[in-house]
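2 protein chains.
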Amino acid sequence: MMRAFVTGGAGFIGSSLVDRLLADGCEVVAWDNFSTGQERFLAQAKRHPAFQLVCGDNLDPTALTQAMADCDFVFHFAAHADVRFGLTHPDRDLRQNTIATLNVLEAMRANGIQRIAFASTGSVYGETDIIPTPENAPFPVQTSLHGASKLAGEGLISAYCEGFGFEASIFRFVSILGERYAHGHVFDFYKQLLAHPDYLDVLGDGSQRKSYLYIGDYLEAVLHVVRAGTAGEAKHRTQIYNLGTFDYCQVKNSIVWICERLGLKPELRFSGGKRGWVGDSPFIFLDTAKIRATGWQPMLSIQQSVVRTVEWLMENQWVLAARE
Amino acid sequence: MMRAFVTGGAGFIGSSLVDRLLADGCEVVAWDNFSTGQERFLAQAKRHPAFQLVCGDNLDPTALTQAMADCDFVFHFAAHADVRFGLTHPDRDLRQNTIATLNVLEAMRANGIQRIAFASTGSVYGETDIIPTPENAPFPVQTSLHGASKLAGEGLISAYCEGFGFEASIFRFVSILGERYAHGHVFDFYKQLLAHPDYLDVLGDGSQRKSYLYIGDYLEAVLHVVRAGTAGEAKHRTQIYNLGTFDYCQVKNSIVWICERLGLKPELRFSGGKRGWVGDSPFIFLDTAKIRATGWQPMLSIQQSVVRTVEWLMENQWVLAARE
Numbered sequence: 004m005m006r007a008f009v010t011g012g013a014g015f016i017g018s019s020l021v022d023r024l025l026a027d028g029c030e031v032v033a034w035d036n037f038s039t040g041q042e043r044f045l046a047q048a049k050r051h052p053a054f055q056l057v058c059g060d061n062l063d064p065t066a067l068t069q070a071m072a073d074c075d076f077v078f079h080f081a082a083h084a085d086v087r088f089g090l091t092h093p094d095r096d097l098r099q100n101t102i103a104t105l106n107v108l109e110a111m112r113a114n115g116i117q118r119i120a121f122a123s124t125g126s127v128y129g130e131t132d133i134i135p136t137p138e139n140a141p142f143p144v145q146t147s148l149h150g151a152s153k154l155a156g157e158g159l160i161s162a163y164c165e166g167f168g169f170e171a172s173i174f175r176f177v178s179i180l181g182e183r184y185a186h187g188h189v190f191d192f193y194k195q196l197l198a199h200p201d202y203l204d205v206l207g208d209g210s211q212r213k214s215y216l217y218i219g220d221y222l223e224a225v226l227h228v229v230r231a232g233t234a235g236e237a238k239h240r241t242q243i244y245n246l247g248t249f250d251y252c253q254v255k256n257s258i259v260w261i262c263e264r265l266g267l268k269p270e271l272r273f274s275g276g277k278r279g280w281v282g283d284s285p286f287i288f289l290d291t292a293k294i295r296a297t298g299w300q301p302m303l304s305i306q307q308s309v310v311r312t313v314e315w316l317m318e319n320q321w322v323l324a325a326r327e
Numbered sequence: 004m005m006r007a008f009v010t011g012g013a014g015f016i017g018s019s020l021v022d023r024l025l026a027d028g029c030e031v032v033a034w035d036n037f038s039t040g041q042e043r044f045l046a047q048a049k050r051h052p053a054f055q056l057v058c059g060d061n062l063d064p065t066a067l068t069q070a071m072a073d074c075d076f077v078f079h080f081a082a083h084a085d086v087r088f089g090l091t092h093p094d095r096d097l098r099q100n101t102i103a104t105l106n107v108l109e110a111m112r113a114n115g116i117q118r119i120a121f122a123s124t125g126s127v128y129g130e131t132d133i134i135p136t137p138e139n140a141p142f143p144v145q146t147s148l149h150g151a152s153k154l155a156g157e158g159l160i161s162a163y164c165e166g167f168g169f170e171a172s173i174f175r176f177v178s179i180l181g182e183r184y185a186h187g188h189v190f191d192f193y194k195q196l197l198a199h200p201d202y203l204d205v206l207g208d209g210s211q212r213k214s215y216l217y218i219g220d221y222l223e224a225v226l227h228v229v230r231a232g233t234a235g236e237a238k239h240r241t242q243i244y245n246l247g248t249f250d251y252c253q254v255k256n257s258i259v260w261i262c263e264r265l266g267l268k269p270e271l272r273f274s275g276g277k278r279g280w281v282g283d284s285p286f287i288f289l290d291t292a293k294i295r296a297t298g299w300q301p302m303l304s305i306q307q308s309v310v311r312t313v314e315w316l317m318e319n320q321w322v323l324a325a326r327e
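If you're matching them up, the sequences are chains A and Y in order.
In short: position in the first sequence from 1, add 3, done, that's the working numbering.
In short: position in the second sequence from 1, add 3, done, that's the working numbering.
The following residues of chain Y were derived to be distant from chain A, with all beta-carbon distances above 12 Å:
| hint | residue |
| --- | --- |
| 1 | Thr39 |
| 2 | Ala72 |
| 3 | Asp75 |
| 4 | Ala84 |
| 5 | Tyr202 |
| 6 | Asp204 |
| 7 | Leu222 |
| 8 | Ala296 |
| 9 | Val310 |
Coverage of chain Y stretches by chain A, computed from C-beta distances (three or more under 8 Å per stretch; other residues unrestricted):
| hint | segment |
| --- | --- |
| 10 | 134–140 |
| 11 | 153–159 |
With the Cβ distance kept under 7 Å, some of the chain A side facing chain Y (calculated, not the full set):
| hint | residue |
| --- | --- |
| 12 | Leu97 |
| 13 | Ala140 |
| 14 | Phe142 |
| 15 | Gln145 |
| 16 | Thr146 |
| 17 | Ser161 |
| 18 | Ala162 |
Simulated from the structure, these hints should not be mistaken for lab results.
We put the CB at the ideal spot given by N, CA and C, even for glycine.
Just need the whole structure built from these sequences, with the hints factored in.
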């Protein structure tokens with residue numbers, strides 16, 4: 004039976020993974036600094052005898068190494084995920100995504116743990132000309148500190164595979180939606196419509212294209228790859244997979260789905276322009292042929308995952324205050 | 004007239020660049036922590052009125068920012084360059100190549116400097132299957148901490164081009180030879196033959212293929228690109244160039260050239276095996292069509308640069324003791 008260590012274990016993705024691993028019969032140690040994690044996401048896990056929560060920060064190598072003791076697999080999902088404010092604090096991505104990853108790898112080495120799954124990002128492709136973008140797209144030029152810091156994390160991990168015999172699964176994806184997702188446009192729109200159901204302020208012109216994947220489909224893909232394992236020579240011990248749906252939507256599509264679910268017909272107030280905000284991600288749409296070839300496929304459409312996100316927010320309004 | 008800031012300004016490449024920039028009429032501030040730099044490399048520069056030497060470390064952001072005042076171009080050539088011992092100190096590459104690069108970028112931003120040239124490495128291509136390797140080779144998997152840390156530096160720089168309007172020239176190259184080159188196989192063999200002219204211990208079987216570029220040709224390429232400048236939209240403000248010769252050699256070829264120049268016929272004692280040492284770089288050979296298309300081409304062959312390196316060592320034996 005696997006004893007898994009989940010960094011960012013109280014986050015949206017991390018806590019969902021924790022629940023899933025516990026359901027699969029694993030022991031789980033969740034590690035989180037609660038900078039954005041929510042202890043309420045772990046309410047169910049905390050009642051499980053095979054679960055342990057340790058509060059700590061990836062920038063504290065000693066505590067990290069101690070907490071990881073006796074684990075045999077690390078899901079490294081803690082990250083500074085806010086692409087939008089990268090330029091305001093240029094060192095934050097580097098510290099929380101790159102240096103933190105080195106600390107995780109060193110803690111693994113100190114504990115004799117060699118298997119890791121890493122949540123990277125589709126932003127590592129920069130502003131590629133090839134859409135949908137496959138894993139082996141031409142060597143991209145980085146355009147965001149977030150992408151650069153995650154790519155650096157990938158690089159450290161694959162160098163550990165080469166140098167120390169680690170085995171890694173690295174996942175590049177765009178946005179995940181579903182239960183516990185408490186930022187992004189669905190969250191923002193829901194919050195606005197709760198405050199003023201008669202109008203909705205929308206950044207840009209609503210034509211921005213967005214790619215999403217449902218959290219359940221995402222976790223299934225991660226565990227599908229982890230179960231299959233990696234083997235063979237060093238260059239094959241680093242497995243990199245894009246994750247995503249076949250499809251994408253425009254922000255204005257998503258608005259229709261959200262409003263329909265809420266039974267509202269607000270006036271839409273577009274700020275105009277093609278991008279939501281300065282430095283807003285251009286369209287990222289990943290080629291997922293590689294993961295599909297392993298047998299995985301997503302079960303929910305983007306529309307279904309938007310609706311599930313809205314429904315979860317309706318039932319969990321506490322999260323609106325928690326994210327103030 | 005340009006006032007240039009050269010990190011690693013007392014190193015092999017950095018000090019050669021300093022001399023070249025002074026000869027071209029620039030003001031130059033050399034910045035070095037003297038961990039491997041040699042003050043004697045700057046003996047000529049120090050007699051020049053437009054030259055200033057500041058001793059400091061890239062991990063000291065305050066001093067770095069002060070030293071950079073009034074400069075308008077940064078050549079970021081300081082690095083932890085020893086690929087061989089990356090695994091012994093896994094944090095060293097990250098600190099000296101990645102965090103240091105962020106500090107350089109932040110010091111530039113604080114001083115309103117936006118133009119940078121960066122010495123990256125051909126190691127960023129990992130163990131690619133495409134040889135010679137072009138700049139837009141398929142997205143590589145990193146196989147060394149050195150490559151990963153330099154790629155992270157590249158990523159930070161290009162993210163600053165996108166986010167802060169910087170203009171960058173990034174150079175990927177394998178090994179540079181010539182005057183002041185005081186490590187690598189030419190240095191090791193010369194040192195051995197000085198101690199025992201009758202035999203030479205060679206790691207591996209001598210068949211290892213190596214790609215080299217002469218320091219003068221290298222600097223000409225860097226300055227050629229810098230003079231041309233970068234312009235246009237953000238994605239074109241990061242210019243990436245491979246640098247190298249058309250050719251490569253085997254270690255055993257180089258041994259012949261070295262011994263001929265020294266007039267020696269030592270017994271060759273091969274340790275055997277295909278690689279010089281565990282984790283020894285596989286063959287890296289770069290496609291340099293892109294830089295050649297700009298009009299640059301190397302003037303010296305690999306054989307000529309090996310011989311020049313030997314001749315410089317013969318005239319500068321002090322460096323043997325300095326590198327103990």
